[in-house]
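Trainee: Chain residues, written in single-letter form:
Number of protein chains: 2
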Amino acid sequence: MGIRAVGAPADTNLLSQGELHARLREVGEQRYHHRHPFHLMMHEGSLTRGQLQAWALNRYYYQSRIPIKDAIILSRSEDPDFRRAWRKRVVDHDGDTSADGGIRRWLKLAEATGLDPERVVGGDEVLPATRYAVNEYLNLVRNRPLLEAVASSLTELFSRDLISLRMDRLREHYPWLSGGLDYFEARLHQAPEDAQFALNYAFENAHTRSEQETVIQALRDKCDILWAQLDALYFAYVQPGWPPPGAFRIEGA
Amino acid sequence: MGIRAVGAPADTNLLSQGELHARLREVGEQRYHHRHPFHLMMHEGSLTRGQLQAWALNRYYYQSRIPIKDAIILSRSEDPDFRRAWRKRVVDHDGDTSADGGIRRWLKLAEATGLDPERVVGGDEVLPATRYAVNEYLNLVRNRPLLEAVASSLTELFSRDLISLRMDRLREHYPWLSGGLDYFEARLHQAPEDAQFALNYAFENAHTRSEQETVIQALRDKCDILWAQLDALYFAYVQPGWPPPGAFRIEGA
Chain X
7 MGIRAVGAPA DTNLLSQGEL HARLREVGEQ RYHHRHPFHL MMHEGSLTRG
57 QLQAWALNRY YYQSRIPIKD AIILSRSEDP DFRRAWRKRV VDHDGDTSAD
107 GGIRRWLKLA EATGLDPERV VGGDEVLPAT RYAVNEYLNL VRNRPLLEAV
157 ASSLTELFSR DLISLRMDRL REHYPWLSGG LDYFEARLHQ APEDAQFALN
207 YAFENAHTRS EQETVIQALR DKCDILWAQL DALYFAYVQP GWPPPGAFRI
257 EGA
Chain A
7 MGIRAVGAPA DTNLLSQGEL HARLREVGEQ RYHHRHPFHL MMHEGSLTRG
57 QLQAWALNRY YYQSRIPIKD AIILSRSEDP DFRRAWRKRV VDHDGDTSAD
107 GGIRRWLKLA EATGLDPERV VGGDEVLPAT RYAVNEYLNL VRNRPLLEAV
157 ASSLTELFSR DLISLRMDRL REHYPWLSGG LDYFEARLHQ APEDAQFALN
207 YAFENAHTRS EQETVIQALR DKCDILWAQL DALYFAYVQP GWPPPGAFRI
257 EGA
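From first to last, the protein sequence lines are chains X and A. Mapping to the working numbering: the first sequence position 139 is 145, numbers consecutive. Mapping to the working numbering: the second sequence position 219 is 225, numbers consecutive.
I should point out that these hints are in silico values taken from the structure, not numbers from a laboratory. Cβ atoms here follow ideal geometry from the backbone N, Cα and C, with glycine treated the same way. Some hints here could point you the wrong way.
[As the list claims (entries may be wrong)] Covered stretches of chain A (in silico footprint by chain X; criterion: 3 or more residues with CB under 8 Å from a CB of chain X, positions within the stretch not fixed):
id: 1; region: 24-32
id: 2; region: 131-137
id: 3; region: 140-147
id: 4; region: 225-234
[As the list claims (entries may be wrong)] Among chain X residues calculated to face chain A with C-beta under 10 Å, some are:
id: 5; residue: Leu133
id: 6; residue: Arg137
id: 7; residue: Phe241
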């Protein structure tokens, strides 16, 4: 049944593409930030303008680091085909001029909440916990195998549904934000393209079951990074608290 | 008035050792975690055993990374005198055998709260936000100038007072913890020695006012790192929340 090198038996535990995809979807169902109470409040319209400002200002730090994250991944691949495909992400966020791109569009959203864009760009008021979580994303793509760095982007598998819902709900509950939704509009088609590329890459480059498990773990870790950013927001600006999925729970609480 | 190289005028804004020390104390007064509500609750006896477990388990992650942090600093100095002095810190935490050292003593404290030490060492239940804050400390000492890496340890200027108070209050409010306080006992003399060394180093190696300001900023950043760990605990296990000093505040809140 085909050629097989001595000492390299087939990994009979290898997941099929469909099985791997199912495992990744399961992670998203349990740990993606669409379940976070801060987002649930946003979508039911119970956040105040000040809380939306805190969200826009803190998440700007995340957005501003995305092209840095993608440039690190670019810098780690020796394959021009991969680099050409991945380069699109840097362009999506940085734009072709200073007047476009995802970062500029996020700033437009922050402005629509009533914040001075210079204050947002300055970043002095970002929660330390936001910075630490985002910086951990940079650590991940810098230090772990390229396969895992790519796999950590797979949260984009779940972002289209969240963005569609969010745009509807923001327009409904916060009509004064409607002029600032270009970022999400663009992500509606960018994210699924990116997710499909990363999913194929992960399947083709995880050659053993144990590598497939590192792909799944990288997605879990990225979900933690998104979740922790909302925890920090909720803690500082909403209240009260709860431990994230899988963390230590006090007995009887 | 002594020899002065052409083109190297005296930096007339340079702080004296006393002035620098006063600026550092001011940072500690405002931002050190002795002011954090989680610690205030601990000292007034209003934390539950479960909350103390959460604290011991999460802070174990911090303790376990301290000798790594100090080894990074060791690795960055080309001065044998400096390295010999700094090496003491690694020994203080790792011990001379697996039965002693600060990490082992912290584990004894965690055991005294009723936790299985293997569960604590495993680390699976540490809050992501704890890991991110601690990892940021490693980033700081790895990536920023050695002067700032050393200065970030200056929170030890303030730890003796906090530890003295804490030992009294833990014995008073949580007598079942009394057998687990060896860690603090050892730090009572270790921390002031370390702080004095780092303070002298910072003064002698900050040659301009602007370098002195980076020393002060490194201490602020370290205070943020300690504070964020307690925020994460409070958010997950106590409630309700507030923004840390200097962070974005919602207007009218």
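Trainee: Now look at each hint and say whether the structure bears it out.
Mentor: Going through the hints against the structure:
Note: the region 24-32 of chain A has 0 residues with beta-carbon separation from chain X under 8 Å; the three-residue rule is not met and the coverage is violated. Coverage of the region 131-137 of chain A by chain X holds. Counting CB-CB distances below 8 Å, 6 residues qualify, and the rule asks for three or more. Closer than 8 Å: that is the beta-carbon criterion, and the region 140-147 of chain A has 3 residues meeting it against chain X, so the requirement of 3 holds. With 4 residues carrying a beta carbon less than 8 Å from a beta carbon of chain X, the region 225-234 of chain A meets the three-residue requirement, and the given coverage holds.
Taking 10 Å as the C-beta contact cut-off toward chain A, the hint placing Leu133 (chain X) at the interface holds, the least distance being around 5 Å. Given the 10 Å rule on beta carbons, the hint for Arg137 (chain X) holds: about 7 Å separates it from the nearest Cβ of chain A. With 10 Å as the threshold, the beta carbon of Phe241 (chain X) comes within range of chain A, its nearest partner Cβ sitting at about 4 Å, so the hint holds.
Violated hints amount to a single one, hint 1; each of the other numbered hints is respected by the structure.
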